[in-house]
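Each chain, letter by letter, is given below.
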Amino acid sequence: MDTLLIALDLLGTFVFAISGATVGVRNRLDLFGVLVLSFAAATSGGIMRDLLIGATPPVALVNWSYLVVACLAGLLTFRWFADIERLRNPVQVFDAMGLALFAVSGALKAIDFGLGPIAATLLGMLTGIGGGIARDVLVARTPVIFQAELYAVAAMAGAATVVAGHWLGWPAMPAVVVGAALCFGLRYMAIRHGWRLPVAQPRDS
Amino acid sequence: MDTLLIALDLLGTFVFAISGATVGVRNRLDLFGVLVLSFAAATSGGIMRDLLIGATPPVALVNWSYLVVACLAGLLTFRWFADIERLRNPVQVFDAMGLALFAVSGALKAIDFGLGPIAATLLGMLTGIGGGIARDVLVARTPVIFQAELYAVAAMAGAATVVAGHWLGWPAMPAVVVGAALCFGLRYMAIRHGWRLPVAQPRDS
Amino acid sequence: MDTLLIALDLLGTFVFAISGATVGVRNRLDLFGVLVLSFAAATSGGIMRDLLIGATPPVALVNWSYLVVACLAGLLTFRWFADIERLRNPVQVFDAMGLALFAVSGALKAIDFGLGPIAATLLGMLTGIGGGIARDVLVARTPVIFQAELYAVAAMAGAATVVAGHWLGWPAMPAVVVGAALCFGLRYMAIRHGWRLPVAQPRDS
Chain G
1 MDTLLIALDL LGTFVFAISG ATVGVRNRLD LFGVLVLSFA AATSGGIMRD LLIGATPPVA
61 LVNWSYLVVA CLAGLLTFRW FADIERLRNP VQVFDAMGLA LFAVSGALKA IDFGLGPIAA
121 TLLGMLTGIG GGIARDVLVA RTPVIFQAEL YAVAAMAGAA TVVAGHWLGW PAMPAVVVGA
181 ALCFGLRYMA IRHGWRLPVA QPRDS
Chain H
1 MDTLLIALDL LGTFVFAISG ATVGVRNRLD LFGVLVLSFA AATSGGIMRD LLIGATPPVA
61 LVNWSYLVVA CLAGLLTFRW FADIERLRNP VQVFDAMGLA LFAVSGALKA IDFGLGPIAA
121 TLLGMLTGIG GGIARDVLVA RTPVIFQAEL YAVAAMAGAA TVVAGHWLGW PAMPAVVVGA
181 ALCFGLRYMA IRHGWRLPVA QPRDS
Chain F
1 MDTLLIALDL LGTFVFAISG ATVGVRNRLD LFGVLVLSFA AATSGGIMRD LLIGATPPVA
61 LVNWSYLVVA CLAGLLTFRW FADIERLRNP VQVFDAMGLA LFAVSGALKA IDFGLGPIAA
121 TLLGMLTGIG GGIARDVLVA RTPVIFQAEL YAVAAMAGAA TVVAGHWLGW PAMPAVVVGA
181 ALCFGLRYMA IRHGWRLPVA QPRDS
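Chains as they are written, first to last, in full-length UniProt numbering: chain G, 1 to 205; chain H, 1 to 205; chain F, 1 to 205.
If we strip away everything but chain G, and leave its shape as in the complex, we get:
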């Protein structure tokens, strides 16, 4: 399970770092700012999870692969930003992939550390959405996850699938694949079809 966790984490790190770097370039940060934002977007969710379960120092600081992968993604984005932009909605698609990978790996790790099903689901969701929250807070905007199409819901669904699989005694791999597919599929369909949760009416009219 450890190798699986690390592989998922590094792949998620790469795609989230691209999303962080994209936001950084758009906000006209300098090269180092872009790299910091890549690293923050890529690792904040996992770092929050590790702090909350008491797994210090967080793996993203100790294992230098995360830094290398995040910086590589940041440099690629910095250099070929225009090309990456030309792809359709790259931030959203990369976000959806990172979201799915982190939600399932975060839930897996929380289970490994002995947390119960509700806490593990919440921590999986946080691992998925934490990077996006940190990225947006760092450029002083309301996190898109609070207004976007089924963003946190998809992360929670993915994490809950892994947790349910664990409770049903499934091996880790199929639960991870189903959970990640569910999360990515839900988010992708929501983007495509504009599925949104209801928004309250601040004033009655």
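For the record, the hints were derived by calculation from the structure and aren't laboratory data. Watch out, some of these pointers could steer you wrong.
Far from chain H, by Cβ distances over 10 Å, these chain G residues were calculated [to be verified]:
id : residue
1  : Trp64
2  : Ser65
3  : Ala82
4  : Val93
5  : Asp112
6  : Met173
7  : Gly185
8  : Tyr188
Now the stretches of chain G that chain H is said to cover, found in silico as 3 or more residues with beta-carbon under 8 Å [stated by the list, open to error]:
id : region
9  : 48 to 62
10 : 118 to 124
11 : 137 to 145
Have a look at the derived ranges for each label pair, beta carbon to beta carbon [stated by the list, open to error]:
id : chain 1 : residue 1 : chain 2 : residue 2 : range
12 : H       : Val68     : F       : Arg26     : 39 to 47 Å
13 : H       : Gly185    : F       : Arg141    : 28 to 36 Å
14 : G       : Ala7      : H       : Gly54     : 28 to 36 Å
15 : G       : Arg196    : H       : Arg141    : 19 to 27 Å
16 : F       : Arg26     : G       : Val68     : 36 to 44 Å
17 : H       : Arg26     : F       : Leu72     : 32 to 40 Å
18 : F       : Leu72     : H       : Leu11     : 36 to 44 Å
19 : H       : Pro171    : G       : Trp170    : 50 to 58 Å
20 : G       : Met189    : H       : Ala181    : 49 to 57 Å
21 : H       : Arg28     : F       : Trp80     : 38 to 46 Å
22 : G       : Arg86     : H       : Val68     : 45 to 53 Å
23 : F       : Gly114    : H       : His193    : 48 to 56 Å
24 : H       : Trp195    : F       : Val68     : 25 to 33 Å
25 : G       : His193    : H       : Pro171    : 56 to 64 Å
All C-beta atoms in this analysis are idealised placements derived from N, C-alpha and C, irrespective of residue type, glycine included.
We have chain G already, so just place chains H and F on it with the hints.
Chains H and F alone, transformed into the frame defined by chain G:
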């Protein structure tokens, strides 16, 4: 003391979650965003406290009551926002109640974990103001606690009362009641009468 | 090494607290808000470092000297803001001094806790830039460190010097002096001469 701590925490959770949900609805977040903001406003102070004293995983994640109470408050606010708005300044009054409850329960828990009087007072204050800070940072505005009428001062007074009571050998209950009443009273009177701390003059004129 | 760590930390605390208080006064926070921002700017980097290496409760909460020094700096700035403003670019110079002191002390402490060279360098950098990030996030602006002249680069250079010195078997003091001087010098020259890292072009034109 444990039962007292949990009861205070859950009551504070409910009222802070309403304040978080109100800000979420006003910023036109979707249903899930409103629930996340409810949970964040309600539990961030306690989670920060638990991280800082090394009590991981934080009780707000492990004990599902916090999640249920925060989501319930969020759903009620989402559904009946107009009614809640019609009450006079509901955010401020709920904030004052949550502030008082969290400041005293935070100080109590820090004492339980063996921290000294200054650290326990600071942690009580942080437990009180942390949720409001997280709530406001998440919608990208300067936390109102930095400009509001005696906000953090009231939290500090409540926490300091509990700490002083502990040092004087009082039983926990009267110190908690006096501390919470002092905090709420101070904040409420400050809102009513517009008591404010001085603001520096950025330019001499 | 402990005395050295604490002396560096308290000096850095004082200068960072001035920078936090200056931002607080400019944003027209009240007296308490200015003190909270002083304390946050002065201690957030160190608190993040302590949380990440598992050194809870963080020294900035347990040792009341940090609170006293930060509040003293905040009060001085609050009272004599106009005079402090009249000095040339005080925020930037104080920032540079705090940055250098915190970067080296943060790296030292991470080494003390047994972290490897890359993690210790990152944690030294974070100790240096964390306070500035918290300060700016709390007044809802994009942290200046992401756009400023060689800000985080300077912190990383200072921390890396200390780490390299440790790996080469130098005694702590010369590595600390060289690292802090390198960080401050790099940042100061960058401000004077407008050295900046490249910024990506969001659109090809």
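Against the structure, the hints come out as follows:
Tryptophan 64 of chain G, annotated as away from the interface, keeps every beta carbon of chain H farther than 10 Å; the closest lies near 24 Å. Listed as outside the interface, serine 65 of chain G is consistent with that label: its C-beta sits roughly 25 Å from the nearest C-beta of chain H, beyond the 10 Å cut-off. Interface exclusion of alanine 82 of chain G from chain H stands, the closest Cβ pair being 28 Å apart, more than 10 Å. Listed as outside the interface, valine 93 of chain G is consistent with that label: its C-beta sits roughly 20 Å from the nearest C-beta of chain H, beyond the 10 Å cut-off.
A cut-off of 10 Å between C-beta atoms confirms that aspartate 112 of chain G is not in contact with chain H; the least separation is 13 Å. Separation of methionine 173 of chain G from chain H is adequate, the least Cβ-Cβ distance of about 26 Å exceeding the 10 Å criterion. Every beta carbon of chain H lies more than 10 Å from that of glycine 185 of chain G, the smallest distance being close to 17 Å; the non-interface claim holds. The non-interface label for tyrosine 188 of chain G is consistent with chain H: the shortest C-beta to C-beta separation is roughly 17 Å, beyond 10 Å.
For a cut-off of 8 Å, the count of residues in the region 48 to 62 of chain G with a CB near a CB of chain H stands at 4, and the three-residue condition holds. Coverage of the region 118 to 124 of chain G by chain H holds in this model, with 4 residues showing a Cβ closer than 8 Å to a Cβ of that chain against a need of three. Taking a C-beta to C-beta cut-off of 8 Å, the region 137 to 145 of chain G contributes 6 residues in contact with chain H, enough for the three needed, and the coverage statement holds. At roughly 42 Å, the beta carbons of valine 68 of chain H and arginine 26 of chain F sit within the given window of 39 to 47 Å.
Between glycine 185 of chain H and arginine 141 of chain F the CB atoms are about 35 Å apart, so this pair conforms to the stated range of 28 to 36 Å. Take alanine 7 of chain G and glycine 54 of chain H: their Cβ atoms lie about 31 Å apart, and the range 28 to 36 Å holds. For the pair arginine 196 of chain G and arginine 141 of chain H, the supplied restraint of 19 to 27 Å holds, since their beta-carbon distance comes to about 23 Å. Judged by the Cβ atoms, the range 36 to 44 Å given for arginine 26 of chain F and valine 68 of chain G holds: they are separated by roughly 39 Å.
Checked against the given bound of 32 to 40 Å, the beta carbons of arginine 26 of chain H and leucine 72 of chain F, roughly 38 Å apart, stay inside it. In this structure the hint that leucine 72 of chain F and leucine 11 of chain H lie 36 to 44 Å apart at CB holds, the actual value being about 37 Å. Between proline 171 of chain H and tryptophan 170 of chain G the Cβ separation comes to about 51 Å, which falls inside the hinted range of 50 to 58 Å. In this structure the hint that methionine 189 of chain G and alanine 181 of chain H lie 49 to 57 Å apart at CB holds, the actual value being about 52 Å.
The given range of 38 to 46 Å is respected by arginine 28 of chain H and tryptophan 80 of chain F, whose C-beta atoms sit roughly 43 Å from each other. For arginine 86 of chain G paired with valine 68 of chain H, a C-beta distance near 46 Å keeps the hint of 45 to 53 Å intact. Between glycine 114 of chain F and histidine 193 of chain H, the C-beta spacing of about 54 Å keeps the proposed range 48 to 56 Å intact. Distance hint check: the CB atoms of tryptophan 195 of chain H and valine 68 of chain F are about 26 Å apart, consistent with the given range 25 to 33 Å.
Here the CB-CB span from histidine 193 of chain G to proline 171 of chain H is close to 60 Å, well matched to the stated 56 to 64 Å.
The structure agrees with every numbered hint stated previously.
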